[in-house]
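Peer 1: From just these sequences and the hints, can you work out the full model?
Given next are the chains, with one letter for each unit.
Number of protein chains: 2
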Amino acid sequence: MAQKAKSNRKVNTDHSEELSGSQFIRVVVNDKLFLRDPQETELGRKILQHAVIMIDNLGFEEFTFAKLAQAIQSTEASIYRYFENKHNLLIYLLSWYWLWLEYLVLFRTNNISKPADRLKTIVAVMCKQESSGPFTISLLDEVRLKSIVMNEFNKVYLTKQVDAQNNDGFFKHYKSFVKTVAKAIADYAPNYPYCNSLAAMVVDESTRQLYFAHHLPSLTDIQVSDKMEQDAQAFLEHIINSATANHRR
Amino acid sequence: MAQKAKSNRKVNTDHSEELSGSQFIRVVVNDKLFLRDPQETELGRKILQHAVIMIDNLGFEEFTFAKLAQAIQSTEASIYRYFENKHNLLIYLLSWYWLWLEYLVLFRTNNISKPADRLKTIVAVMCKQESSGPFTISLLDEVRLKSIVMNEFNKVYLTKQVDAQNNDGFFKHYKSFVKTVAKAIADYAPNYPYCNSLAAMVVDESTRQLYFAHHLPSLTDIQVSDKMEQDAQAFLEHIINSATANHRR
DNA sequence: ACACCAATAATAGTTTTACTATCATTGTTA
DNA sequence: TAACAATGATAGTAAAACTATTATTGGTGT
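So the sequence lines, in the order shown, correspond to chains A and B.
Residue numbering for the first sequence follows the numbering used here, starting at 5 and increasing by one per position.
Residue numbering for the second sequence follows the numbering used here, starting at 5 and increasing by one per position.
There may be inaccurate statements among the hints.
Treat identical chains as interchangeable: a pair holds within one or across any two.
Simulated crosslink set (BS3-like; lysine-lysine; CA at most 25 Å straight-line) [claimed, not checked]: (1) 159 with 179; (2) 164 with 132; (3) 187 with 118; (4) 164 with 90; (5) 90 with 159; (6) 159 with 71.
Calculated directly from the structure, the hints in this document are not laboratory data.
Since this is a predicted model, take the numbers as computed values, not measurements.
Peer 2: Written out as structure tokens, the structure is:
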């Protein structure tokens, strides 16, 4: 009856809310990030959807629960029943992005056995501004999510609470994605000693170089254009290939 | 009479404040970052010194002007006469760090003409936790400053005000340091097409890998130890050398 | 010695955000 | 139809980020 481990109350289940708008895959986000699962209710989903739009538009610092409440015609207090604070909501959304990337990688590398091709595909997935996969209609707008990652992600773990939050698994999905990349590198270049460092670096640069291109162009060689994502991809491939040159099979 | 371009008032000059504690080189920070030059007065220097300590200890979000005022036995209002807000103070301190790194690089690469050696020295300077140079007694504790860079730097440019702040030269000293690294790379590997991207990446990773080692160890291959800085240095040298392998003279 | 003036201190007030608390309403389910 | 979970409505608190005003103080020029 109780559907969530963490709650012992009854919860409105599928019947009343089914297909409110569109179908979507349930994304399993670490449940320490929320108080009540936002995917399970109409209000919860509205919170997520509008939070993505508002954070993308306003930036995280300007974004407040008061504004969000107004946008979805609800109240601050109601939102606080889902998320302890706006930081946790942000980390929830970012986690969603990393989970979704991991899903995409899984899907796209499914039939690829050659490590070189797998890795190349992974880098492509990381760099491309891609919306929902072929069989999914996702609740959230992944293009906006990627933009949020680019603009906000490197802030969330730079706090005095990192260690406590890391203990609670707040960065679990990000770490898991980096680990996936690291494994692909290890497959590609056995005994390469910097798989993790290289993976974390590449994942970060996949958004950072684009951010620089937009805002601090002297810090990158990538120019704003309609093919800038391919340029970023080429740069990252070059970095990976050259770094691992002496360790490939 | 007026000593600062930006102010037309008379200013207490050297006589009254000379050698209050110790000598130091005047660091020329972009003057849009402050309202009144903090290096010129006793109070200003106290603000800088204690800000470094408090931001390092508390983290930037917990740090407030009220707390700082209390620590230096002054008032919030007085601090606001030097800095418009705590963000600008933070960027001031970070700029100080990049300026100081650039000075160190200049000093250490002075007699080195071979591009390979120059670049190697630069990477070493970036990675080493080094306090003041041989002929300087600096006003600020550079070891703490480096720690602040590691913990806070990647937050400061990720805001909706980047473009406006960049226009005001808030990131000038950071960009200048990256440019120095990029030039050294270009010298080392003529025609290498990613000098800027590689330089920005390496500068960032020089602190990020250490941060990960401390807080999110699964994201790096570097372990916490007394030689972790050398490990980071080795990783960065490896990345630079392999990336530029085909472009060297 | 005196008047002046810039810098600072002391104090208080405003606005906004983050968050908590309380109680009323509504719609579902047993 | 009673019970109850979710939400709405409303109010309130605490702290942070400023702003404004007036009073000291200590050095400067004459």
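Peer 1: For each hint, tell me whether it holds in the structure or not.
Peer 2: Verification of the hints:
1. 159 with 179: both (15 Å within a copy, 20 Å between copies)
2. 164 with 132: Between copies only: 23 Å across chains, 33 Å inside a chain, cut-off 25 Å.
3. 187 with 118: within (13 Å within a copy, 38 Å between copies)
4. 164 with 90: Intra 16 Å, inter 17 Å, cutoff 25 Å: intra and inter.
5. 90 with 159: both (13 Å within a copy, 17 Å between copies)
6. 159 with 71: both (21 Å within a copy, 23 Å between copies)
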